[in-house]
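**Student:** Sequence lines, in order, name chains Y and L. For the first sequence, our numbering assigns the number 1 to the initial residue and increments by one for each residue that follows. For the second sequence, our numbering assigns the number 263 to the initial residue and increments by one for each residue that follows.
Rather than coming from a laboratory, the hints here were simulated on the basis of the structure. Hints may contain errors.
[What the hints assert, rightly or not] Label pairs and their computed distance ranges (CB to CB):
#, chain 1, residue 1, chain 2, residue 2, range
1, L, Met-409, Y, Asn-220, 35 to 43 Å
2, L, Leu-444, Y, Val-8, 18 to 26 Å
3, L, Ile-428, Y, Leu-18, 16 to 24 Å
[To be verified] Interface residues of chain L toward chain Y, partial, derived using beta-carbon atoms under 7 Å:
#, residue
4, Gly-328
5, Phe-419
6, Thr-423
7, Leu-427
8, Ile-428
Every residue gets a Cβ at the ideal spot worked out from N, C-alpha and C, and that includes glycine.
Here's the letter readout for the chains.
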Amino acid sequence: MVEKRILVFTTLSMLVLLSISAGSAAYYYMEQNRYAEQLQEKQQLLTMLTENYDVAVSKRNLLGGDYSLLFGEYQRFVGENYSALIGEYDVLLLNLRGNYTSALNAFPELNESYNLLLSEFQLISQKGTVTKAEFGSLLDGFYRLFTSLAMRELDSYTGELNLIDVRLSINYSNSSTEWHNVSVSLGTTLFELTREVAEVEYSYDPTMEPGHILVSSINNYADGFWVWYYWDTAASVWVFGPVGCDAWILRNNGVYNWTCIK
Amino acid sequence: MHMQPPTRNSRRVAVLGVFTALCLAMQLSPRLPNVEFTSFFAFVVGFVFGSFLGVWFGGFVMFVNGFLSPWGFAGVNMPFQIAGMALVGLSGGFYRRFLHNEKNTNQEADQPSAKFYEVAVLGAFFTMVYDVITNLGVAFSYIIAGMQPSLAIMTAFAYGTPFSLIHVSSSFAVFAVIFLPLIRALNNVMVVEKSWLKREF
Chain Y
1 MVEKRILVFT
11 TLSMLVLLSI
21 SAGSAAYYYM
31 EQNRYAEQLQ
41 EKQQLLTMLT
51 ENYDVAVSKR
61 NLLGGDYSLL
71 FGEYQRFVGE
81 NYSALIGEYD
91 VLLLNLRGNY
101 TSALNAFPEL
111 NESYNLLLSE
121 FQLISQKGTV
131 TKAEFGSLLD
141 GFYRLFTSLA
151 MRELDSYTGE
161 LNLIDVRLSI
171 NYSNSSTEWH
181 NVSVSLGTTL
191 FELTREVAEV
201 EYSYDPTMEP
211 GHILVSSINN
221 YADGFWVWYY
231 WDTAASVWVF
241 GPVGCDAWIL
251 RNNGVYNWTC
261 IK
Chain L
263 MHMQPPTRNS
273 RRVAVLGVFT
283 ALCLAMQLSP
293 RLPNVEFTSF
303 FAFVVGFVFG
313 SFLGVWFGGF
323 VMFVNGFLSP
333 WGFAGVNMPF
343 QIAGMALVGL
353 SGGFYRRFLH
363 NEKNTNQEAD
373 QPSAKFYEVA
383 VLGAFFTMVY
393 DVITNLGVAF
403 SYIIAGMQPS
413 LAIMTAFAYG
423 TPFSLIHVSS
433 SFAVFAVIFL
443 PLIRALNNVM
453 VVEKSWLKRE
463 F
């Protein structure tokens, strides 16, 4: 006959093992559910991305075709006054606005570029004679904006698929520095990140390329010039931002810095 | 009325103080998650000094730990931690009674290897009970945060299992390796009821 004492401790051992086994099974079940949900979510995102991509490509091809037609007419045009092409350009610009309204609303720097192009167009269209150079400049401006908008729109779609982790430090010239650890969508620019973590005032410089944004104040601090750097992991040095902050796409685990210099 | 000699009383207080300080120092030091010695000390205090002191010892250490733990403030879970560790202390006292009642009834169970197994199993079992109680605390915090009760309980238990596995395994090892030598050492310094303890080990 089995001793009571042995029975008690064997039962306790079994209880421990059963409890751990049941917990492990529950853990496995919950993890499986979580993975299945994540997979379904990713699948939905991929489907959405494919649909959005189709729409974006159609828009891009359509507008690209219209632009190409106008550009061909411009190249083959014989004469001194290009005002005959102004009407077609007007339609092209309206189509651009109509097709990329959400992108223009989402990216203030691109909206600024559009408004400047529109002003330039209105100024030129009021003139009796439009020179080849003037019309060429309008076409160049359109193409740059069009490609930027198309690219940013596609970036924003892929950005919904995943998040990246970045770090941003803001160094005020009074020596105080604040750090922000943020998860953002793929394709986010430094300008967008900065606007997400701080109150930013900025100006638009049409002569700067690529990127047109000059930050004038962060969190109401404007005692100097704001410049940005990125951390070069391989060389372990801060590198001065080579382009405008609105043209710099963030990378995963990237480290960035804003410094106010006098 | 039974009076204990002053020497014995002062030694009891001294040993209890040393245990408390040692346990708090280990509990509050940075360490691997869920590898702890508090349940072991609570059990030993309950075993040596009785269930009442075991309950107070376990509860007190977890109360202090709730505020000063390297893992942060325990919050809603603190009462559950206190209750869980008090139960471990209580069980130490009960185990002594159990040994006393079972004494000389089973020669095989009196073998050192049998005691080693018993104590390790008890350590693992009461650690598991402690984890069940604290997982209920975690579930309670989920419910407060708005989670459905059944889902909260299942989530807390499921995601607590990997930690429980570490906790139970480490306690099994700690109880198995340290308990018997420590009790024998306490016998040698004549801490409490020397002859009584010697009967058990």
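**Student:** Less than 7 Å between beta-carbons is the criterion; does L/Phe-419 satisfy it with respect to chain Y?
**Tutor:** At about 6 Å, which falls below the 7 Å cut-off, the nearest Cβ of chain Y leaves the hint on L/Phe-419 intact, so it holds.
**Student:** 35 to 43 Å was suggested as the range; check whether the CB atoms of L/Met-409 and Y/Asn-220 agree with it.
**Tutor:** 40 Å, holds
**Student:** Would the hint on L/Thr-423 stand, with a C-beta cut-off of 7 Å toward chain Y?
**Tutor:** 3 Å, holds
**Student:** Return the status of the interface hint for L/Ile-428: holds when the least beta-carbon distance to chain Y is below 7 Å, violated otherwise.
**Tutor:** 11 Å, violated
**Student:** For L/Ile-428 and Y/Leu-18, compare the CB-CB distance with the range 16 to 24 Å and indicate the outcome.
**Tutor:** 18 Å, holds
**Student:** Return holds or violated for the Cβ distance of L/Leu-444 and Y/Val-8 against the range 18 to 26 Å.
**Tutor:** With a Cβ separation near 23 Å, L/Leu-444 and Y/Val-8 satisfy 18 to 26 Å, so the hint holds.
**Student:** Verify the interface restraint on L/Gly-328: the C-beta must sit less than 7 Å from at least one C-beta of chain Y.
**Tutor:** It is violated, given that the least Cβ distance between L/Gly-328 and chain Y is near 24 Å, above 7 Å.
**Student:** Does L/Leu-427 hold up as a contact with chain Y if the rule is Cβ-Cβ below 7 Å?
**Tutor:** Holds: closest Cβ of chain Y sits about 6 Å from L/Leu-427, inside 7 Å.
The earlier numbered hints that this structure contradicts are 4 and 8.
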